[in-house]
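Engineer: Here the protein sequences come in this chain order: W and V.
So that you can map any letter, position 654 of the first sequence is 653 in numbering that gives the first Met the number 0, and since no number is skipped, the others follow by simple counting.
So that you can map any letter, position 80 of the second sequence is 79 in numbering that gives the first Met the number 0, and since no number is skipped, the others follow by simple counting.
Any given hint could turn out to be false.
As the list claims (entries may be wrong) - A few chain V residues that face chain W, going by a derived Cβ cut-off under 7 Å, partial list only:
| # | residue |
| --- | --- |
| 1 | GLY28 |
| 2 | TRP29 |
| 3 | GLN47 |
| 4 | ARG59 |
| 5 | GLY61 |
| 6 | ARG77 |
The set of hints was computed from the structure by calculation and includes no laboratory data.
The structure displayed is predicted, hence computed values, not measured ones.
Note that the Cβ used here is the ideal one computed from N, Cα and C, for glycine as well.
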Amino acid sequence: MRTIRDAVMRVLGLARRGTMERRLEDEMRFHLDMLTQQHVRAGRSPSEARRAALAEFGGVERFKDDARDEYRSRLLDELLQDIRYAIRVIRRNPGFGVAAALTFALGIGASTAIFSVVHGVLLRPLPYKDPDRLVVLWERQPGQGNDRNVVSVPNFEAWRSRARSFEGMAALVPLPATIGGAPNPEHVMGAEVSPSYFETLGVRPALGRAFASSEEQNGGADVIVLSDGFWRSHFAADPRVVGRSLSLDGRPQTIVGVMPASFDPPRFAWLNDQAFWRPFAPTENNRGWGRFLLVVGRVRADVPVSAALREVQGIAAQRATEDRGNEGWSANMVGLAAQITGDARLPLLVLLGAVCLLLLMAVTNVANLTLGLVRRREHELAVRRAIGATWGRLLRQIVTLSAVVGASGCLIGSIAAVGGVHALLALLPPETPRSDSIRVDAPVLLFTASISAIAALVMGAVAALRGGGSGAASLRETGGRAAARLRGGSLVTAEVALGLVLTVLAGLTMRTFEKLRSVDLGFDADHVVVARVGVSGARYRTPEARAVFFDQVLSRVRALPGVQAASAVSTRPFGGMAPATTLGDASAPVTGDSVEADVRYADADLFRTLHVPLVAGSSFDARDALDAPPRVVINRTLARRLWPSENPIGKRLRVPMFNGIAPEVIGVVGDVHLMDARTPARGAIYLANARFPMDALDLVVRTNADGAAMAKSLQAIVTALDPSLPVYSVTMLDDMVGRALSRDRFTAALLGAFALVSLLLAAVGIYGVFAGDVAQRRKEIGIRVALGAPSGGVVALVMRRAVTRAVLGVALGTGAALLAARAMRSLLFGVGAADPVSFVGVATLLLLVAVAATLVPAVRAARVSPLVAIRTD
Amino acid sequence: MGEKGRGDVLQGTLDMLVLKSLQLGPMHGWGITERLETGSERVLQVGQGSLYPALYRLERQGYVASDWGTTENNRQARFYKLTASGRKRLAEERATWARMSRAVDLVLRMGEG
Chain W
0 MRTIRDAVMR VLGLARRGTM ERRLEDEMRF HLDMLTQQHV RAGRSPSEAR
50 RAALAEFGGV ERFKDDARDE YRSRLLDELL QDIRYAIRVI RRNPGFGVAA
100 ALTFALGIGA STAIFSVVHG VLLRPLPYKD PDRLVVLWER QPGQGNDRNV
150 VSVPNFEAWR SRARSFEGMA ALVPLPATIG GAPNPEHVMG AEVSPSYFET
200 LGVRPALGRA FASSEEQNGG ADVIVLSDGF WRSHFAADPR VVGRSLSLDG
250 RPQTIVGVMP ASFDPPRFAW LNDQAFWRPF APTENNRGWG RFLLVVGRVR
300 ADVPVSAALR EVQGIAAQRA TEDRGNEGWS ANMVGLAAQI TGDARLPLLV
350 LLGAVCLLLL MAVTNVANLT LGLVRRREHE LAVRRAIGAT WGRLLRQIVT
400 LSAVVGASGC LIGSIAAVGG VHALLALLPP ETPRSDSIRV DAPVLLFTAS
450 ISAIAALVMG AVAALRGGGS GAASLRETGG RAAARLRGGS LVTAEVALGL
500 VLTVLAGLTM RTFEKLRSVD LGFDADHVVV ARVGVSGARY RTPEARAVFF
550 DQVLSRVRAL PGVQAASAVS TRPFGGMAPA TTLGDASAPV TGDSVEADVR
600 YADADLFRTL HVPLVAGSSF DARDALDAPP RVVINRTLAR RLWPSENPIG
650 KRLRVPMFNG IAPEVIGVVG DVHLMDARTP ARGAIYLANA RFPMDALDLV
700 VRTNADGAAM AKSLQAIVTA LDPSLPVYSV TMLDDMVGRA LSRDRFTAAL
750 LGAFALVSLL LAAVGIYGVF AGDVAQRRKE IGIRVALGAP SGGVVALVMR
800 RAVTRAVLGV ALGTGAALLA ARAMRSLLFG VGAADPVSFV GVATLLLLVA
850 VAATLVPAVR AARVSPLVAI RTD
Chain V
0 MGEKGRGDVL QGTLDMLVLK SLQLGPMHGW GITERLETGS ERVLQVGQGS
50 LYPALYRLER QGYVASDWGT TENNRQARFY KLTASGRKRL AEERATWARM
100 SRAVDLVLRM GEG
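Construct all of the structure, not just a fragment, from the sequences and the given hints.
Structural biologist: Okay, structure coming up:
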């Protein structure tokens with residue numbers, strides 16, 4: 000206790016040092032002067048007198064120390080007194096204490112929870128060395144709206160060898176692979192990375208070594224680095240794992256290293272979980288594959304990032320002259336953190352902004368509660384002022400009251416936030432980046448403490464400045480009443496405006512979510528199970544073997560009980576990034592093939608299985624064999640684009656894939672949302688699986704059976720055909736569709752909850768203002784009633800003021816909401832940022848809330864007896 | 000304090016004496032020392048080193064209040080005045096002191112008739 004007291008004293012002493020030192024100095028000088036004069040009067044010379052006075056006065060510094068101690072503890076004692084006073088006041092007004100602390104805790108808890116998500120996802124530095132210097136490099140097509148395109152191998156090699164601005168540059172490609180083999184094959188996601196990858200990020204393996212630069216030569220060495228998680232789950236954290244062998248897609252790999260648990264690889268674009276890494280080796284083969292690499296780089300510490308970008312763009316310009324395939328292409332660079340955060344950024348910032356508004360409302364309400372309490376104690380304050388309490392002291396006591404409320408609210412709020420963060424993590428969209436770094440920790444609590452302190456100060460200042468004056472005012476009687484008439488009005492305006500902004504944002508996102516849900520996706524996801532099967536190894540090297548395998552799988556699946564239809568497609572709908580190409584009408588001149596189209600490989604039954612309507616022509620059949628001329632099914636959008644007024648059946652496309660093919664159009668099907676509900680369907684072509692056998696396909700099965708049972712049956716079928724192959728990514732298609740909306744659902748649900756709370760706060764706050772107002776003006780109202788005012792008139796008197804204030808709030812709130820909605824426009828779908836339905840509806844709602852909250856006090860006012868007028872206080 | 004017959008203020012009585020001196024009216028620190036010395040016919044001497052801490056302590060306890068004011072020589076000085084609770088405190092201290100000094104006196108006169 001003693002040490003705490005000393006510490007507080009020291010702090011207070013520092014804070015008040017200026018005032019105190021000046022006072023000590025002045026008093027000491029005065030005293031010395033008087034002493035000197037006394038000696039002069041006794042007959043000494045002035046200088047002699049001064050010397051004597053100083054000698055008599057004694058140790059100046061010791062005097063100061065002693066005096067200072069007394070001064071400091073006075074402040075501390077007053078503070079302790081004020082805190083005791085605040086606690087006494089709160090205990091005597093438990094309703095106020097509970098309401099104020101809980102309201103404040105609500106605001107603080109919600110802000111802390113949202114801030115910990117924002118901090119974890121957006122603000123916490125990436126866990127790499129000097130993360131600010133890390134960038135992602137992309138190709139881009141200026142003027143095509145294509146800013147972040149994956150990179151071709153030759154371009155990556157050119158950038159890496161010619162650029163001087165980078166300490167390191169590494170290519171990455173996701174590598175799905177089957178590890179182990181019969182009887183327990185397992186599908187895992189890994190990545191192929193340039194050997195310099197780990198060094199570029201500034202991370203080192205915990206065991207063994209990273210890749211050597213020689214290991215990307217000659218097609219790449221068969222070496223592998225494991226993640227900590229994989230090492231623990233598959234090798235029981237064996238410290239002697241280095242040097243052992245692991246079968247990857249049937250090929251043995253030597254384990255050379257294990258990364259530490261702290262290494263969280265960057266996840267962006269289609270690069271997600273990474274259980275292992277293999278060296279990526281540029282080869283004659285993959286130099287011809289086109290653009291498929293992700294590239295990260297570390298810009299040298301002495302080079303500005305903008306200069307590095309200019310250099311890479313310069314190299315890209317050289318490349319455009321060296322290779323026709325690079326015409327119209329340039330380069331782009333994005334900070335790694337911004338790249339990883341990507342789409343999660345805006346919704347989180349919107350939520351953070353919204354929760355700040357909510358906190359502001361909570362603060363407004365608590366300030367109003369405190370103001371009400373101060374008003375009820377007007378008489379006490381006036382008396383204390385009259386018997387000599389200083390203004391400063393009274394104001395300080397009111398601020399201390401707020402601080403006590405704020406401290407308890409902050410404590411309750413922080414505890415609630417820990418639970419809130421758990422709830423948020425459960426609700427969080429699964430694709431949220433860096434969600435494992437979300438937690439309530441020291442920086443988050445520092446934020447909480449700071450905003451609590453600021454908020455408590457604001458609440459106290461409002462209550463003190465607007466309520467503290469009433470102490471003197473109530474003695475001056477009438478003047479105080481006149482001023483009281485306008486009190487609380489701005490609070491009503493603020494509550495309505497804040498509530499309106501929050502509710503409009505909630506309305507817009509909820510309408511967005513509804514619109515997204517009602518988008519016609521072009522397929523029927525109900526009762527459809529999807530599962531992926533990939534073949535690898537020598538056995539499936541020939542296209543025939545792959546075609547035969549998938550044929551056998553599908554015919555067995557179709558024979559399962561409850562299966563209505565089954566087919567296979569290269570990438571399921573909503574299955575993420577997949578190939579696309581630019582193509583054109585084969586009979587048109589070669590130039591100007593700029594129609595973008597998604598490419599899928601499917602079998603004949605895909606459309607029937609997914610209930611995609613066949614608009615014209617027919618699906619694939621036995622003619623689409625391995626060596627037959629390729630044929631294609633296109634979607635309606637592509638058909639309209641290429642042949643708006645002709646029958647597309649029998650026409651030929653020019654497709655640059657497979658060294659250029661010209662497939663005949665045999666059918667037109669309905670448009671399907673392949674990526675998500677938001678992205679409008681664009682042109683799409685379907686090529687026959689049987690003609691172009693892939694090594695991994697999604698089985699698409701329409702069935703009455705549930706997903707888990709179907710997963711077992713599918714694995715059993717695959718195992719019977721080849722026990723070394725795993726079935727993975729088994730899910731119900733409608734779950735995938737639902738998950739694709741999870742971010743919109745998250746934003747809409749949270750904003751909706753905030754809006755509900757804000758309406759409640761607005762109602763309670765407005766009710767509080769007018770209830771207090773009516774109570775204060777009983778006498779005036781009594782006079783009006785005595786003079787014959789009808790009770791309707793009294794109700795109108797109160798209501799008119801409420802409505803005027805609320806309308807002003809609606810006007811201000813609408814302006815703010817328009818700006819806020821414009822800032823979050825890219826999150827909206829199907830509704831405009833100035834959506835009249837949301838704005839008018841919400842404005843009406845807020846007015847209704849204001850009216851409802853005022854009605855009770857207004858009716859109470861109408862019941863005031865005229866006798867009140869003749870009674871004295 | 001070599002002068003014969005002069006002594007430091009008794010421990011514990013300084014607060015009471017300061018309060019008493021302020022009962023005559025608001026005064027600055029220098030004036031208080033003068034009042035105490037004159038009032039005690041120069042027997043009691045109050046050091047600055049104990050006077051100002053005592054004043055600050057009394058102010059913190061709410062027995063005196065202080066504010067800047069002007070002396071008769073037109074100088075700025077901090078004036079101390081007795082508060083209501085200070086007045087009450089002085090009365091209590093005086094009662095205690097009277098009881099104590101009577102008790103001490105009684106003891107000293109034991110057996111002297």
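Engineer: Quick check: which numbered hints come out false for this structure?
Structural biologist: 5
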